[in-house]
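Put chain B on the given structure of chain A with help from the hints.
Protein chains: 2
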Amino acid sequence: MRANGDTTGSTDTSRVIADAAIRLFYERGYHGTSIRDIAREANVGIATLFHHHGSKAELLRRIMNTGFDDLLAEMEEAVQAAGDDPAERLSAAVRTHVRCHCERPMESAIATSEMRSVEPPLREEFAAKRERVHALFADALADGAAAGVFDCPTPRETARAVHAMCSAVTGWYRQDGPMSPDEVGELYVGMALRLAGARSPAGAR
Amino acid sequence: MRANGDTTGSTDTSRVIADAAIRLFYERGYHGTSIRDIAREANVGIATLFHHHGSKAELLRRIMNTGFDDLLAEMEEAVQAAGDDPAERLSAAVRTHVRCHCERPMESAIATSEMRSVEPPLREEFAAKRERVHALFADALADGAAAGVFDCPTPRETARAVHAMCSAVTGWYRQDGPMSPDEVGELYVGMALRLAGARSPAGAR
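In the order they appear, the protein sequences are chains A and B.
Take the first sequence: its position 114, counted from the start at 1, is 114 in our numbering, and no numbers get skipped.
Take the second sequence: its position 177, counted from the start at 1, is 177 in our numbering, and no numbers get skipped.
Be aware that one or more of the hints could be misleading.
Which residues of chain A face chain B? A few of them, derived with a C-beta cut under 8 Å, are [said to hold, decoys possible]: (1) GLU27; (2) ARG28; (3) GLY29; (4) GLY54; (5) ARG116; (6) GLU157; (7) THR158; (8) ALA164; (9) TRP172; (10) MET191; (11) LEU195.
Just so you know, these hints were derived from the structure itself, not from any lab.
Here the structure is a predicted model, which is why all the values come from computation and not from measurement.
Even for Gly, the Cβ is constructed at its ideal location relative to N, Cα and C.
Pulled out of the complex, with its shape left as it was, chain A reads as follows (with noise of 0.2 Å):
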């Protein structure tokens, strides 16, 4: 798991600032939460938190670019280790993004409900990002597909599909429950495959 430090700047204080925030902005929204609410949920004061943060807006723009930099650094590493075959690197991008929303299931669900809390040009930045990981499912079913390694008619419907439903894992997850994010993330990568249609071995589970 990668360290978030970016989230937050490099003091402490920073980080239990930035951490107050995502609990906030995952339970009640960013337009939910006050910059006072902040403020308490991190038990310092208001001078506090601007000096470290700026803004609420500001805030905001941390967690959701910290939270996309990394989900894609890791989800573009494995896709990359795992060599030409689209089910191999499916799988890995399966795995890594179900793997990095069951760590960090608020900063997750945060980039996907707060994108409309941010204004342009920062909105479409982070829509090409979220660009970005999708396509890292859609380009390896659309070339399994041609390759016919995977039996998939609609391989750009299919993505879409396989994106929802890795990204649904932040409204279940439980780091207390009875999966490790490992054993989530190959749950989901069978699935992946069985939506697929891939024909080889791995994808009959």
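Just chain B now, with coordinates in the frame of chain A:
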């Protein structure tokens, strides 16, 4: 498509106000929308808005209540009509859920994203309705797995994946796009049967 009259009371003005609220809650979120924004969008005075809907919270309650009740009524009717076969029941649940989400994307997205904006005990009431929706997927999958109709070792997790992918159509479906709600519904029936490991010819698509 069911008439959404209960969202709004019985008058045209009431409907216009509710439609304005649906658009704004969808675009900016409940907490990002003020009662003045809704009045302006509906081109009515604040007093008129309060007369028809009482409060912003009451508007959200009506929108979400109608959304859940319409969806549940249509899904339960379709699943009932599908008979005992788990593959037919799953197909009916998916087809209806997806069609409703394509036909009413904003109301459907609000019902998901604003659950946290609703205060208890109303939140628990809506969560119970969402659970009834989920059970229509989950019961068909569990019954099919138990009966050997589905080759599905993890019906519980598969139900979560199916529900998530069906709900996510609100994020990309456009009513002026190339596919009708019924066509999207059939596409998702095919994907759900794949995920379920349906053994029948209907699952081979």
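Item to complete: Run the structure past the numbered hints and jot down the numbers of the failing ones, going up.
Response: Of the numbered hints given earlier, the structure breaks just one, which is hint 4.
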